[in-house]
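Let the sequences and hints guide you as you build the complete structure.
Take a look at the letters that make up each chain.
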Amino acid sequence: MMMKWRGWALATGVLAISAMAQAAPPSAAMLSNACAGCHGTNGGSAGPSMPTLASQSKEAIEAAMKKFKSGERPSTIMGRLAKGYSDAEITAMAEFFSKQKLHPTNQTLDKAKIAKGASLQESNCGRCHIEDGKEGKDDTPVMASQWLPYMQMQMTDYLSGKRKMPEKMKEKVDPMSKEDLEALLHFYASVK
Amino acid sequence: MTLDRRSFLKLVGAGAGAAGLPLIGRAAELMPKAGKRVVVIGGGYGGTIAAKYIRMMDKSIEVVMIERNDHFVSCPFSNLYIGGILKDLNPLTIKYDKLASNHGVKVVQAEVTAIDPAAKVVTTSKGTVSYDRLVVSPGIDFRLDEVKGYDAAAMEKMPHAWKAGPQTVLLRKQLEAMKDGGTMVMSVPLAPYRCPPGPYERASMVAHYLKKNKPKSKLVVLDANPDITSKGPLFKKGWKDNYEGIIDYRPAKKVTEVNVQAMAVLVEGLEEVKGDVINLIPPQRAGQIAVAAGLVGDDKKWCPVNQTTFESTKHAGIHVIGDACVAGPMPKSGYSANSEAKVCAANVVALINGKETTDLSGINTCYSYITDKDAISVAAVYAVKEGKIIAVPNSGGVSPADYSASKLEAIYAQSWLKNILTEMST
Ligand SMILES: Cc1cc2nc3c(=O)[nH]c(=O)nc-3n(C[C@H](O)[C@H](O)[C@H](O)COP(=O)(O)OP(=O)(O)OC[C@H]3O[C@@H](n4cnc5c(N)ncnc54)[C@H](O)[C@@H]3O)c2cc1C
Numbered sequence: 115m116m117m118k119w120r121g122w123a124l125a126t127g128v129l130a131i132s133a134m135a136q137a138a139p140p141s142a143a144m145l146s147n148a149c150a151g152c153h154g155t156n157g158g159s160a161g162p163s164m165p166t167l168a169s170q171s172k173e174a175i176e177a178a179m180k181k182f183k184s185g186e187r188p189s190t191i192m193g194r195l196a197k198g199y200s201d202a203e204i205t206a207m208a209e210f211f212s213k214q215k216l217h218p219t220n221q222t223l224d225k226a227k228i229a230k231g232a233s234l235q236e237s238n239c240g241r242c243h244i245e246d247g248k249e250g251k252d253d254t255p256v257m258a259s260q261w262l263p264y265m266q267m268q269m270t271d272y273l274s275g276k277r278k279m280p281e282k283m284k285e286k287v288d289p290m291s292k293e294d295l296e297a298l299l300h301f302y303a304s305v306k
Numbered sequence: 007m008t009l010d011r012r013s014f015l016k017l018v019g020a021g022a023g024a025a026g027l028p029l030i031g032r033a034a035e036l037m038p039k040a041g042k043r044v045v046v047i048g049g050g051y052g053g054t055i056a057a058k059y060i061r062m063m064d065k066s067i068e069v070v071m072i073e074r075n076d077h078f079v080s081c082p083f084s085n086l087y088i089g090g091i092l093k094d095l096n097p098l099t100i101k102y103d104k105l106a107s108n109h110g111v112k113v114v115q116a117e118v119t120a121i122d123p124a125a126k127v128v129t130t131s132k133g134t135v136s137y138d139r140l141v142v143s144p145g146i147d148f149r150l151d152e153v154k155g156y157d158a159a160a161m162e163k164m165p166h167a168w169k170a171g172p173q174t175v176l177l178r179k180q181l182e183a184m185k186d187g188g189t190m191v192m193s194v195p196l197a198p199y200r201c202p203p204g205p206y207e208r209a210s211m212v213a214h215y216l217k218k219n220k221p222k223s224k225l226v227v228l229d230a231n232p233d234i235t236s237k238g239p240l241f242k243k244g245w246k247d248n249y250e251g252i253i254d255y256r257p258a259k260k261v262t263e264v265n266v267q268a269m270a271v272l273v274e275g276l277e278e279v280k281g282d283v284i285n286l287i288p289p290q291r292a293g294q295i296a297v298a299a300g301l302v303g304d305d306k307k308w309c310p311v312n313q314t315t316f317e318s319t320k321h322a323g324i325h326v327i328g329d330a331c332v333a334g335p336m337p338k339s340g341y342s343a344n345s346e347a348k349v350c351a352a353n354v355v356a357l358i359n360g361k362e363t364t365d366l367s368g369i370n371t372c373y374s375y376i377t378d379k380d381a382i383s384v385a386a387v388y389a390v391k392e393g394k395i396i397a398v399p400n401s402g403g404v405s406p407a408d409y410s411a412s413k414l415e416a417i418y419a420q421s422w423l424k425n426i427l428t429e430m431s432t
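Quick note, the sequences are listed as chains A and B, same order. Using the working numbering, read the first sequence as starting at 115 and increasing by one per residue. Using the working numbering, read the second sequence as starting at 7 and increasing by one per residue.
No wet-lab data here; the hints were simulated from the structure. It is possible that some hints are incorrect.
Computed cross-link-like contacts, DSSO-like style, restricted to lysine-lysine with a CA-CA straight-line distance of at most 30 Å [said to hold, decoys possible]:
#1 A:Lys284 with B:Lys413
#2 B:Lys424 with A:Lys227
#3 A:Lys215 with B:Lys101
#4 A:Lys278 with B:Lys154
#5 A:Lys230 with A:Lys282
#6 B:Lys243 with A:Lys197
#7 A:Lys215 with A:Lys181
#8 B:Lys391 with A:Lys197
#9 B:Lys379 with B:Lys413
#10 B:Lys424 with A:Lys276
#11 A:Lys248 with B:Lys424
#12 A:Lys213 with B:Lys65
#13 B:Lys259 with B:Lys169
#14 A:Lys172 with B:Lys391
#15 A:Lys197 with B:Lys424
#16 B:Lys224 with B:Lys246
#17 B:Lys104 with A:Lys215
#18 A:Lys213 with B:Lys424
#19 B:Lys112 with A:Lys215
#20 B:Lys154 with B:Lys259
#21 B:Lys218 with B:Lys179
#22 B:Lys413 with A:Lys197
#23 A:Lys172 with B:Lys424
#24 B:Lys379 with A:Lys278
#25 A:Lys181 with B:Lys424
#26 A:Lys215 with B:Lys65
#27 B:Lys104 with A:Lys213
#28 B:Lys224 with B:Lys243
Here it is as structure tokens:
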């Protein structure tokens, strides 16, 4: 497969030399800053339906972007945007956001649901959503401090089958009640 | 070589200074420059971001942002206010205090009246400010000479509402005061103008208001363009499904004159169209200060710039971003201005420090509301190829034609607004 010229430049570090001027190919920061209009400065989102990317796992962002690109993960705008980046650029952006400080979200959560979620999470989700969701196994996303409305929208897509659940997640989620799932999301949103 | 009046006055001024004569009318220096300094003109979608990101990237550079107002009202979502969906403009209003306290941006409330590219000095209503590099993001002003009779007084009767604030409030008040069965007329200028889908979103929001509150009323859209300039098929479907019989869309109708007394507009100086409310969106060009400073190109409207550094091709050391500049296929949108500002900031920092510049990577996403619960979008990724900005092939595009994503996009659009305004103000 031929790599896109921009991806090639980034991967090899070769500068694109043009007649106009000599400039380096877009850096990881240059690529990632463009995302901040929707995802917040350095990926710290202030909008409840847009996920915070700051301190998200590199593997999770890479996996998400590639699935957006292929259409495997449903989206409104992200599929259209992800197609504009080479795999090397996606990796560069994923690494950039993974290195940003965790962005504390300011949201109203239900105390009782948090407590219930806390009691459920270790045994049900803890093998992949490690450390109270502050870390993720392989490409499992970090859930700690994520926006509740964003996670609820994703859970709706999972339950309707619009977004495909990983096998291990499906085994755990299928027998759970809506209330339990909701409690889990409140818990993860609350983790600082 | 011929001299225009401004250059002539500058020469006379310089001569007077050299001869040790008093510089009549020359304002005093507002803030003496010690180290490296970037001055940013405009505290809107482009200016705030350029100012903030330069400080985030290099704290050793002093950044002075000069803005005429003490707050900024966002055009994005102002159509929802006109359509009665937003109660007031508060969610669209930002202040600058946190740019100062979080990033050390020095915010000066003043009008910039002149730029001297040779001396690297801007003149403001409060005094002069010198710079090493200047970033200009003044947005748009109107080509009023192309609409006969449309002057400052006419604007109070036939608002443009194309800069958010009092004009936006005026248009909503007029719409609210209109009788049921009345007609609102809206004129759309020839592209390029600020926000390609903006007029059609406004038409949708006005129609939403009329359908709900004044169902016997009509909206006539007189579009100078041969067709809807952005997301055309989506707007047409949205109007057909929701506003049949309310929106009367008439393409290729260029308004060239207004008659305030008769509350009428004239298409090509001939066909008169009357309205109880008239929203006249005039043809546009770069903000006045960019025109006065000789930053516009041969078209006398927009500012040509290097497509990676955004440095003016007219005057070295001055960068122009946002609506005022020509950034290849990037539309004149808030998101583009935001994206351009970051690319410009990185390269201004590089140039001041004698480092290599970096090619642009940019994004635009624009949401337009069709009803209070449905929105559509256009999105694209931009890169530089051989010195020119291009939309990256096989990416970007508009929402699905069947409106299957419109409910979700109406939700995402709200978070977009929240994030982009938070970026600009914290
Ligand atoms: C109705 C409408 C809807 C829109 N919707 C969207 C949308 O949904 N999404 C989107 O991305 N874009 C949208 N836009 C477009 C967006 O508003 C502009 O593209 C954006 O504001 C451009 O940013 P800018 O920095 O160039 O100018 P502005 O944001 O207008 O900022 C310019 C600033 O400079 C100041 N200024 C100018 N001259 C001087 C001077 N001489 N001295 C001091 N200060 C000065 C002004 O006061 C102003 O604050 C919309 C526009 C309209 C009209």
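Results of checking the hints against the structure:
1. Between the alpha carbons of lysine 284 (chain A) and lysine 413 (chain B) the distance comes to roughly 27 Å, so the proposed pair stays at or under 30 Å and holds.
2. A distance of roughly 27 Å separates the Cα atoms of lysine 424 (chain B) and lysine 227 (chain A); the hinted pair therefore holds under the 30 Å criterion.
3. About 25 Å separates the Cα atoms of lysine 215 (chain A) and lysine 101 (chain B), which keeps this hinted pair within 30 Å; it holds.
4. For the given pair, lysine 278 (chain A) sits about 60 Å from lysine 154 (chain B) by alpha-carbon distance, which is inconsistent with the 30 Å threshold.
5. As the CA atoms of lysine 230 (chain A) and lysine 282 (chain A) are separated by approximately 22 Å, the hinted pair is consistent with the 30 Å bound.
6. Restraint check for lysine 243 (chain B) and lysine 197 (chain A): the C-alpha separation of about 26 Å stays at or below 30 Å, so the hint holds.
7. Straight-line distance between C-alpha atoms of lysine 215 (chain A) and lysine 181 (chain A) comes to about 25 Å, which keeps the hinted pair within the 30 Å bound.
8. Between lysine 391 (chain B) and lysine 197 (chain A) the alpha-carbon distance is near 17 Å, which keeps this suggested pair within the 30 Å criterion.
9. Proposed proximity of lysine 379 (chain B) and lysine 413 (chain B) is supported: the alpha carbons are some 6 Å apart, at most 30 Å.
10. Note on lysine 424 (chain B) and lysine 276 (chain A): the hinted pairing holds, with a Cα-Cα distance of about 27 Å set against a maximum of 30 Å.
11. For the hint pairing lysine 248 (chain A) with lysine 424 (chain B), the CA-to-CA distance comes to about 25 Å; that is within 30 Å, so the pair holds.
12. At roughly 20 Å between alpha-carbon atoms, lysine 213 (chain A) and lysine 65 (chain B) fall within 30 Å of each other, so this suggested pair holds.
13. Proposed proximity of lysine 259 (chain B) and lysine 169 (chain B) is supported: the alpha carbons are some 23 Å apart, at most 30 Å.
14. Only pairs whose Cα atoms come within 30 Å are accepted, and lysine 172 (chain A) paired with lysine 391 (chain B) is accepted, the gap being roughly 28 Å.
15. Among the hinted pairs, lysine 197 (chain A) with lysine 424 (chain B) is consistent with the structure: their alpha-carbon atoms are about 25 Å apart, no more than 30 Å.
16. Distance hint between lysine 224 (chain B) and lysine 246 (chain B) is fulfilled; the C-alpha atoms sit about 14 Å from each other, no more than 30 Å.
17. About 20 Å separates the Cα atoms of lysine 104 (chain B) and lysine 215 (chain A), which keeps this hinted pair within 30 Å; it holds.
18. Proximity of lysine 213 (chain A) to lysine 424 (chain B) is assessed by CA-CA distance (about 23 Å); at most 30 Å being required, the pair is judged to hold.
19. Among the hinted pairs, lysine 112 (chain B) with lysine 215 (chain A) is consistent with the structure: their alpha-carbon atoms are about 26 Å apart, no more than 30 Å.
20. Distance check on the hinted pair: lysine 154 (chain B) and lysine 259 (chain B) sit about 15 Å apart at the alpha-carbon level, within 30 Å; holds.
21. This hinted pair checks out: lysine 218 (chain B) and lysine 179 (chain B) have alpha carbons roughly 16 Å apart, not beyond 30 Å.
22. With a C-alpha separation of about 23 Å, the suggested pairing of lysine 413 (chain B) with lysine 197 (chain A) holds against the 30 Å cut-off.
23. Proximity of lysine 172 (chain A) to lysine 424 (chain B) is assessed by CA-CA distance (about 25 Å); at most 30 Å being required, the pair is judged to hold.
24. The suggested pairing of lysine 379 (chain B) with lysine 278 (chain A) holds, with an alpha-carbon distance near 27 Å, which does not exceed 30 Å.
25. For the suggested pair lysine 181 (chain A) and lysine 424 (chain B), the alpha carbons sit about 26 Å apart, so the restraint of at most 30 Å is met.
26. With a C-alpha separation of about 19 Å, the suggested pairing of lysine 215 (chain A) with lysine 65 (chain B) holds against the 30 Å cut-off.
27. Proposed proximity of lysine 104 (chain B) and lysine 213 (chain A) is supported: the alpha carbons are some 24 Å apart, at most 30 Å.
28. Between the alpha carbons of lysine 224 (chain B) and lysine 243 (chain B) the distance comes to roughly 18 Å, so the proposed pair stays at or under 30 Å and holds.
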